[in-house]
Amino acid sequence: MHAVVEGVRPESRELPRLLPGWGAVLWVAAVVGLWWLAMDTAMGEVYRRHELDVPAAAVRVGVVAGVAGKLLGNLAETAFYASWWALKGPRLPFAIVWSWLISLSLLDTFGVVAAGFASDLDGIVRGVVGAVCNGRLLLPAEVSESHALAFAMSGICLLAVARVIATAWVLARAAGRPFLGSLALTGGAWLATRGLLVLVALLLRGPGAAMWGAAS
Amino acid sequence: MSLVDRGRGLESIEWRRASRRAPAWAIVVLLASALGVAALLSLVVFDARHGWETPHWSERRFDSITVSSTRWREPGERWVVAVFPQCPHCRASLRDVALVRARMTRPPRLAALIVDTEHRPQAAVVAEAGVDAVFWDRDQVWRRRWGHRAYGEILCFDSTGRYVRTRTASEIAAEVPDE
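Top line first, the protein sequences correspond to chains A and B. All residue numbers for the first sequence refer to the working numbering, where the first residue is 1 and numbers rise by one. All residue numbers for the second sequence refer to the working numbering, where the first residue is 1001 and numbers rise by one.
Do not rely on the hints blindly, as some may be mistaken.
Restraint ranges, calculated between C-beta atoms of paired labels, are given here [said to hold, decoys possible]:
| # | chain 1 | residue 1 | chain 2 | residue 2 | range |
| --- | --- | --- | --- | --- | --- |
| 1 | B | L1041 | A | G62 | 21 to 31 Å |
| 2 | A | A68 | B | D1047 | 25 to 35 Å |
| 3 | B | P1023 | A | W27 | 25 to 35 Å |
| 4 | A | L71 | B | T1105 | 24 to 34 Å |
| 5 | A | L72 | B | H1050 | 29 to 39 Å |
| 6 | A | T41 | B | T1105 | 19 to 29 Å |
| 7 | A | A76 | B | A1048 | 21 to 31 Å |
| 8 | A | A192 | B | G1076 | 23 to 33 Å |
| 9 | B | Q1140 | A | W27 | 42 to 52 Å |
| 10 | A | L180 | B | T1105 | 20 to 30 Å |
| 11 | A | F94 | B | E1175 | 30 to 40 Å |
| 12 | A | F179 | B | E1175 | 22 to 32 Å |
| 13 | B | V1037 | A | A68 | 34 to 44 Å |
Hints listed in this document are in silico derivations from the structure and should not be mistaken for laboratory results. In this text the structure is predicted, and so the values were computed from the model without any measurement. We put the CB at the ideal spot given by N, CA and C, even for glycine.
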């Protein structure tokens, strides 16, 4: 109680650094490099499947924008959690938490790549990859990739659940607070972002029945 | 007062004290997050209440670029694909729909509607697609009146021009089996 009110949390030291000094910088650079490779592979896979003739420069711009967006997204996620806990008392070690969250994003990256390769598959393999890596693969084939439901389902899978749990653990350790409270926060944030993603998809698509494939 | 109530009271005091001591940046970040969500919700509500027209196919509203097949004038269902010439995905969608249509026993009429294009396009922009007709949405009816935004979408109209629904190439392909 006293420690919380004063904003001093010796427990925060319980969240270990992933790597000391320059090792952490190199590690983050390596993770960003893996994002790059994964996005390049995934985008190439989409273009191949749809036989799209897209200039290489446009693909490069898309990958750069994707990596930059992901980096900003991770910073925003860390800033949100750090702000939330700061409002409750504990001050999170921003750089350490960020390096953990950026590392956990490798789970998403793996999911994107695996789902890209499984898109052409059918049957049980597709189902298993869908359950583990990308819930969109569990939807019927007539639901297109740009469907709002596909947007929503793409983040619902076992890897996403693992990421939510791991993020909750990181925050609980960093804040020196109980795991379940932290899990409620990360789970709530995850659900909220799923909902917001659907809204963004709806806005991008505009009105019309294509969203849910129903007749109007 | 029960122990549980007392605990909640202490938690509330803890929250208030900590909030008072929270750094400005934390409040700014959380406020920005809340504002962002509120702005998005407002956009969605504004868009839903905008009063977009229900699409209706009438050739008078669009400029005819080419009608390459007499079939287009015959009565029957019409599919109109929204095409932005610089979008490879649109052309792929158009090509996929044309391929699916070729497998259908009662194929609909198929047209490309060139959208978001300031200058009158050439028919050649979709020459390879195998469509019955190409139209140009000079007045931006598709975007500004109907409120549609997804390039490559397929607007389905019945023979009277009444809007039936909007679909995607993959949805249609999934319904029409390969030979």
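Results for each hint:
Hint check: L1041/B to G62/A, Cβ distance near 28 Å, so the stated range 21 to 31 Å holds. Look at A68/A against D1047/B: about 27 Å separates their beta carbons, and that is inside 25 to 35 Å. The given range of 25 to 35 Å is respected by P1023/B and W27/A, whose C-beta atoms sit roughly 28 Å from each other. The given range of 24 to 34 Å is broken by L71/A and T1105/B, whose C-beta atoms sit roughly 52 Å from each other.
For the hinted restraint 29 to 39 Å between L72/A and H1050/B, the CB-CB distance of approximately 30 Å keeps it satisfied. The supplied range of 19 to 29 Å is broken by T41/A and T1105/B, whose beta-carbon atoms lie about 40 Å from each other. At roughly 27 Å, the beta-carbon separation of A76/A and A1048/B lies within the given 21 to 31 Å, and the hint holds. In this structure, A192/A and G1076/B break the distance hint of 23 to 33 Å, their C-beta atoms being roughly 46 Å apart.
For the hinted restraint 42 to 52 Å between Q1140/B and W27/A, the CB-CB distance of approximately 49 Å keeps it satisfied. Checked against the hint of 20 to 30 Å, the C-beta distance between L180/A and T1105/B comes to roughly 59 Å, which is inconsistent with it. With their beta carbons about 51 Å apart, F94/A and E1175/B fall outside the hinted range of 30 to 40 Å. Evaluation of the 22 to 32 Å hint for F179/A and E1175/B yields a failure: the beta carbon distance comes to about 47 Å.
Take V1037/B and A68/A: their Cβ atoms lie about 22 Å apart, and the range 34 to 44 Å is violated.
Going down the numbered hints, you'll see the structure goes against 4, 6, 8, 10, 11, 12, 13, while the others check out.
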